Amino acid sequence: MKDTVKYLDNSIFLSGEINIKSVPDISEAIDAIFKKEKPITVDISDVTYLDSAGVAFLESLLDKIKTYSKAAFLQGVPEALKPILKTFSSQDIPLKESIPKVGLFEYIGSKVVDTAEAFHQLLIMAADVFYWAFVGLFNRKGQRKGSFAQQGVNLGVDALPVVGLLSLIIGFILSLQSAAQLRNFGANVFIADLLSISLVREMGPMMTAIIVAGRSGSSIASEIASMQVSEEIDALRMMAINPIRYVVIPKFHAISVVMPMLVAFSILIGMIGGLIIAVGYLGLSVQTFVSRSIDILIMKDIIVSFTKSIFFAWIIVIIGSYYGFSVKGGAEGVGKATTNSVVASIFAVIFFDAVFSLLYL
Amino acid sequence: MKSINNNPIIKVDNLVAKYGPKIILQDITVDIYPNEVTVILGGSGCGKTTLLKNILRLIEPYSGSIKFWNEEVTTMDEYQFNEKVLNRIGMLFQAGALLNSISVKENISVPLEQHTKLPEDIMERIIRTKLHLVNLDHALELLPSELSGGMKKRAALARALVLDPDILFCDEPSAGLDPLTSLALDELILNLKHQLNMTIIVVTHELASINRIADKIIFLDNGRMLFAGTLEAAKASGIKAIDTFFNAENH
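Protein chains in written order, with my numbering: chain A, 204 to 564; chain B, 145 to 395.
Mixed in with the good hints, there may be bad ones.
Derived CB-CB ranges, DEER-like [said to hold, decoys possible]:
1. Gly320(B) x Ala352(A): 57 to 63 Å
2. Gly382(B) x Lys285(A): 31 to 37 Å
3. Pro165(B) x Val558(A): 37 to 43 Å
4. Thr219(B) x Gly532(A): 47 to 53 Å
5. Leu379(A) x Pro165(B): 55 to 61 Å
6. Glu215(B) x Ala352(A): 37 to 43 Å
7. Pro165(B) x Phe509(A): 46 to 52 Å
8. Thr542(A) x Glu331(B): 27 to 33 Å
9. Asp266(A) x Gly164(B): 53 to 59 Å
10. Tyr334(A) x Ala377(B): 47 to 53 Å
11. Asp221(B) x Gly532(A): 37 to 43 Å
If you are wondering where the hints come from, they were derived from the structure by calculation, not from laboratory data. Since we're looking at a predicted model, the values are computed, not measured. Just so it is clear, CB atoms sit at the ideal spot from N, CA and C, and this is done for glycine as well.
Generate the whole structure from the sequences, applying the supplied hints.
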């Protein structure tokens, strides 16, 4: 690099190629000069080639000189390099306005305001959905023919395998863990009571809701978000069709019907999982298990389970739709909306499950 | 060209549009007359599509007045706006915006099913006619994903025309199309104007297309309206930005 960079009488003489590859070394050599000297002039008469990195380097060098000298000179610019200097010069580019730093309290405050605004919008959306869902019971206008049945299959029938499999495993695990403890106390028979109560009141509705939030909530959010991004929602508006009525309400009606069925299915399969352990590990008879499971339940348990399942279904549809409609950006926005919707739905399901548990202990 | 009818069909006064604190459109005042093709033009990012979306209330205007058939629409509720305005207009979106999960036929039938009580055979006949109008007879049962970009736009145009609208809005109809398809689409727009007396508002920056179809132009630059009038008057206006825009063709 010594051959490329020379220093004499307050001038730096550069030669050869100043490009994206050579700039780091030249820069290092120049820094060494700056430690001892204070150059004023940069001479590039022996430079044979410049690229955008080279021009940026030269301009930065001149700016550095200007920090201690009133003037900085670039001399001996070869004719061949003048167009390159002009094209890549950053002198005419306005400096980027510095974005004022946001303080901690300002940041927290703006987040709180944004969250409150989002919650407000979510409530407006929920009110709209409930209104049109009620109107839609009596007047199918604004919905596509067959969309209710189609959504019923999508949200309900197609979810049966995954709900069934996971419920079987959960019933299995739940009873296996409990069985070991109950056996120590000789209370084998209570496995049926324990499973029945926990599956009907808690695990059935909550686990089904979490599975549905992951499976169908995400599909609702991504479908609506994609429609929003590709202007399909705007197109519906331009056809004087309310997008909530057309897109969301069939899903809302369908999930309100299929969710209690899915929960009932989940409880049944979970109980079968438990039955395998009760019979195989604890030596209970099938008849005892079934009769105790049914006898222990009271009407309130069934009602709570049913209410929860419908309530969770509504939460999933409303949150999925909210994130779908409020998508910003393109494909990346769709992904974010989907993720946010699943996280928010699962959080809301667990939160409201806790509220239900407190209210109907 | 002089307007056939002196009463504007759409009247926009002092329209201001904002995205957050950023002003996108400033004091736009525009009159759109019946049976004319009005082209909203300007460079990329000048606010053309925003103006269109504000007129149609897909984005709510920040301030100003918008009148359709002499009725203020910015104060209308959704029901009134649907009944008085949207049921009388058609809109062709930039990428077509067909509903992806249903076929072309079902897409075109959406407005018919939602806003009419026509028997199915009549609907079918209307759908076939509109598809024929846009030269897309063979695409009846195809899904939007099976169509090319140009076909999607034509199918979307058929959907926009299905209720015989009085006004047709087109957002960049020629964007991304080859010159021949673009020419065919322009000819279709001119046919609609001549044969059906339709009022057409087109957002575009395609010079060839503007020269073919425009009766009037509205020229936007950085969110401000620089000119509104006939194409010939625009070219003779001597406004630098407009001259630069039209001269780009010769470079």
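Taking the hints in turn, this is what the structure says about them:
1. Gly320(B) x Ala352(A): 57 to 63 Å: violated (37 Å)
2. Gly382(B) x Lys285(A): 31 to 37 Å: holds (35 Å)
3. Pro165(B) x Val558(A): 37 to 43 Å: At roughly 39 Å between Cβ atoms, Val558(A) and Pro165(B) fall inside 37 to 43 Å, so the hint holds.
4. Thr219(B) x Gly532(A): 47 to 53 Å: The hinted range 47 to 53 Å is violated for Thr219(B) and Gly532(A), with Cβ atoms some 32 Å apart.
5. Leu379(A) x Pro165(B): 55 to 61 Å: holds (60 Å)
6. Glu215(B) x Ala352(A): 37 to 43 Å: About 40 Å separates the Cβ atoms of Glu215(B) and Ala352(A), which means 37 to 43 Å holds.
7. Pro165(B) x Phe509(A): 46 to 52 Å: holds (49 Å)
8. Thr542(A) x Glu331(B): 27 to 33 Å: violated (46 Å)
9. Asp266(A) x Gly164(B): 53 to 59 Å: violated (34 Å)
10. Tyr334(A) x Ala377(B): 47 to 53 Å: For Ala377(B) against Tyr334(A), whose Cβ atoms are near 50 Å apart, the range 47 to 53 Å holds.
11. Asp221(B) x Gly532(A): 37 to 43 Å: violated (30 Å)
The structure fails to meet hints 1, 4, 8, 9 and 11 from the earlier list, while all remaining hints are met.
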